[in-house]
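A.B. asks: Add chain V to chain R, keeping to what the hints say.
In case you want the letters, here they are:
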Amino acid sequence: MNHTTTAVADAPAATETARRLTFNILRYNPQEKGSAPRMQTYHLDEAVGMTLFIALNELREKQDPSLQFDFVCRAGICGSCAMMVNGRPTLACRTLTRDVGPEITLAPLPVFELIGDLSVNTGKWMRGTSERLEAWLHGDAKPRDIDRLEERMEPALAEQLNELDRCVECGCCVASCGTARMRADFVGAVGIAKIARFRLDPRDKRTDDDYYELIGTDDGVFGCMSLLACHDVCPKDLPLQTQIAFLRRKMAGKGWA
Amino acid sequence: MKVVYTDVLVIGGGLTGMRMAIAAKRRGHDALILSLVPPKRSHSKAAQGGMQASLGNVIKGQGDSEDVHFEDTVRGSDWGADQEVVRMFVNTAPKAVRELAAWGVPWSRVKKGDRQVVINGQQVTITERDEAHGLVAQRDFGGTKKWRTCYVSDCTGHAMLQAVGDQAIAESIPVHERTEALALITDGERCHGAVVRDLVTGELSAYLAKATAITTGGAGRIYRVTTNAVICEGIGHAIALETGHAALGNMEAVQFHPTGIFPAGILVTEGCRGDGGLLKDVDGHRFMPDYEPEKKELASRDVVSRRMEEHIAKGKGVKSRWGDHLLLDITLLGEHHIRHNLREVFEICHYFLGVDPVKDPIPVRPAQHYTMGGVRTKPTGESPTLKGLFSAGEAACWDMHGFNRLGGNSVAETVVAGMLVGEAIADYCDDRANDATIPMAAVREQLGAVAGRLDAMLQRRGGEEPQALKVAMQSIMTDKVGIFREGAKLAQAVDELQQLLKRSRSVSVAPGAGPNPELVAAYRVQMMLKLAVTVAYGALQRTESRGAHFRQDFPRRNDAEWLKRTLAWWKSPDDTLPTLTYEALDVRKMELPPGWRGYGNKDYVDHPDTPARAEEVARLREQVGSADRFAVQAALMPYQHMLPERYRGRNERIDELFDAQPTKAA
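Chains R and V supply the protein sequences, listed in that same order.
Numbering-wise, numbering that gives the first Met the number 0 puts 15 at position 16 of the first sequence, and it's gapless, one number per residue.
Numbering-wise, numbering that gives the first Met the number 0 puts 531 at position 532 of the second sequence, and it's gapless, one number per residue.
Okay, chain R solo, but in the shape it has when bound:
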C-alpha cells in the first residue's frame, strides 16, 4: 500500500486556486442597546481541510473581533458548537467548508435563549430539562459498598446503554423540532432519549408509572408529531425514531391502564 497518499483524502493540489467563501452570518448582541438582528456578510479564502471552526476563528481574528460563537473540544464530542448551517442544525466544528460552501449562511439555533450572534444558551435549557425529568440514575436508596465487587451487567446491555448515553446535548434535535417551536415546555428528543436510557438501565429503580408522571403529557412523549427531523439531524446518530415510538407505546399503555 502506498501510505504517502493517505494524509488528507481528497485534498486539492497545492497549486489549485482557493475558493472564495462568502459567509452570511446572523448578528445580534442583546447586551448592546439598540442592537437589532441583521445579516452580515464576510469573505474568506478557503483552505484545505477548513472546518467552520477554523473559518469562524479566522474571521474573528482577522476581520471582526466582536463575533460571538462557541467552540470547546473542536473534535465533535462536546456538543458546544451546534448552529444552523445553511438552514440545517449541525455541529460546526466538524463541518468542512468543502461540503457546504462557497456560500454559507450561519444562524444561531432557534428555541434556545440567544446570548449573541451564533451563541445560544443550550446549557441552561439542558439543565432545566434534566431537573424537570429527574434525568439522573435513581439507584437503590442504600448506597452500594464500593469496596466490594461491582454489580454485574450483561456486556450486550452495557453496549446498548452506551448507545443511548452518547447524547452530547448539542440541541440539534430541539432546534429541528416542530413541537418545540409551538410548545415552550416540550422536552424534545433529548429529554425523551434520556428517559429511554434510564428506563433501559436495570440499576434505575423507577417504574413505568414513575416515567409516565414525567413524560406522559403533551410536553412529553405525546407532544411529538412524528416529524422526526430530530432523528435526521442528530450528529451522534442516536436511534431517536425508535426510542420515541417505543416509549410512546409504553406510555400510552400506562395511560389506558
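No wet-lab data here; the hints were simulated from the structure.
All residues carry an ideal CB built from backbone N, CA and C; glycine is no exception.
Among the hints, a few may not be true.
For the chain R half of the interface with chain V, some residues (derived, Cβ under 7 Å), not all of them [claimed, not checked]:
| no. | residue |
| --- | --- |
| 1 | 31 |
| 2 | 72 |
| 3 | 129 |
Listed next, the in silico DSBU-like pairs over lysine-lysine satisfying Cα-Cα at most 30 Å (straight line) [to be verified]:
| no. | chain 1 | residue 1 | chain 2 | residue 2 |
| --- | --- | --- | --- | --- |
| 4 | V | 588 | V | 377 |
| 5 | R | 123 | V | 501 |
| 6 | R | 61 | V | 1 |
C.D. replies: For chain V alone, kept in the frame of chain R given last:
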C-alpha cells in the same frame, strides 16, 4: 458591588470540580461551581480510552493490585511523583470505578469465554473466566504491567461526565455557567473567593467562600499544537500564581501524546495501541520494536513520543504539505472492533481527515496533551502556603504524575481527587478554627483592581493586539519548549516570552457590550504568558532529563541533583520571570526507590541516599515476609492514615474475595 456567598467555591466544572462539589454537599456544605462552559462540555469529556483502576477482572489483568498500579505509576513518573499520594490514588481508583458504576456509567463489561484480540501484531485467542462475566472490563494501555484501563467504548470521559454531571444536578448543586474567575481574593494569608466575570453580560462580581478550589484542568493552549480543548488556557493556574502566595509545581513537566491526528492535533486514544494498533513509518515499517524491544508501542507516552520524533528526524516520516508525520495503523483490529470499541476514533478520522481507519492508516504526530504541573498542594489538596485555597485534578500538583503521567491515570485522578479533596474541604469547613471573617475592604479593592485592569485595556488605543501575542507565544512554546529541549533554544524562548509579556501589558481592545471576545482574549493572554514563561524558565533551569522533560544537552536523569520539585512564584506583578525554589523528594521514605523504568533510557545518576534505601527496602521485605502484601506495604511506607476514613477499606477482587479475608484494613 454584587456579592455571592457560598461555603465552597469550586472554580471549574469538569469531573474533578463536580465530584468535589458533590462530596462537600453530601457533608452538609453548600457548594457552587463556576464553569466557563456548561459543565457537560468540559474537557474531561475528551478522555477517550479509559480510566486506570486495578480491578483485575479480565484475564490479562489477573494478578493486578494496588501494588502493581503503584509501581507502574511511579516508574511512569520517572520517580518525580509523591509516592504517598500515588498510594492514596491507587487505593481509591477501584472505589471510584465502582461508585461510577452505581451512578450509571455503562462500563464495557467482561464476556466469559474465548475472544480474539491483537497482541504485538498477532491475532491471539484469550479466554475470559466465567466468574468475571458481567464485571467491568479492562484494556491494555501504555506503561502498565497489567490490563488495567476500565473503559466505555472509546468515550469514557463522556460517559463519566454524564454520570457525575447528572449526580450534581440530583444534588441541586448550582453551576454558574459561562463565568470566569479572573483573580483570587486574598488577605495575604487566606483565600476568600474570587473576582468573577460573567461571560454573557460582562459584569464583574465577588464570590466569597470559606474554601475555594481550583479545578480548571490543563494549560495546553499555551502551545500551538495541542489535543486540549480551546478552553484549556490555564487561567486557573494563573490566578493562583498571581496571588504571589501560592506556588505552581513542576510546570516544565509537559506531556506530549504520541497520537494527535496530523495536522489538527485532535486526539485519537492510546486505546488504539492498547488494543493492538501499530505505529508505522513512510515505508510501512513498524519501527517501535527497533527502539523499545520490551514495551514497543506501549512504552510510556514520553518515550513513544520521543522515539517518533527521533524516527521522523531520521527522514522516516511521511511527507505532507504541513510537514512530516507517521502512521497509526489499526486496520488489523477489524471493522467490528473499530466501529464498536473505537467509535469516536472512527468518527474523528471520518470527519476531520476523510480517512476510513478500517481500511487506511491514520496520520499522526505527537501533540501537547497534559499539564503535569499545577497549583502545588498538600496531599489533602490544600495549598501549603495560602490557607483556604484548594486545587485538584490536572490543575493541581499534589503530585501523583511527577514528570510523566500514564495514560488512563488522569481521568482516574479527576474523580479520585474529587472524592479525596472533597472530603478534605468538608473537614476544613467543619473545623471552627477555619471560620472566616471576610475583609470587605480588601474584597472591594481587589474587585476594583480587576475592573481597572480591564478598563485600561478598553481605553487604550493603538496598543498591542492580543491575538498576535498569543500566536507568537504558542509558536515559541511548540518550537522551542517542546519534546526535545536544549539550553540555547530554551534561553531564547525565555527571552522572547519575557518580551511578549512586557508587550502584553499595553494591549488594547475595542469596546463592546456583553462578553466582548477580544477583551477575553486580551486578559487571558497576559495570564497565559506568565505560565508560558514559567514553563520555559523551569525547563531551562532543570539541567537533566526526567520523564517528559528531555534535555538534549543533559540527556541523563540526575537524581543526585534534580530529585526535586520545581516551585514557581510570581512575587511582584511587575516581574517578567517567576522566582523558582525547589523542594527535595525524600528517597529515604520512598516505597519504591529510584531505578530503571523498564523502558526508555537506562542511564541515570543515582541519588546518594538511593543504595541505602534500596537495601533497607529489601531488608524490610524480608523481615515481614511475602505472606501479606498489605503488611509489607505498611512496613515500607504507611499512608492509610492520610486517606479520609471512608476510603481506607481494601478493594475486593475476584481473586481477593472478602469472604476469604477481613473486609477492612483497620
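A.B. asks: Name the hints, by number, that the structure is in violation of.
C.D. replies: Checked against the structure, the hints that fail are numbers 5 and 6, while the rest are satisfied.
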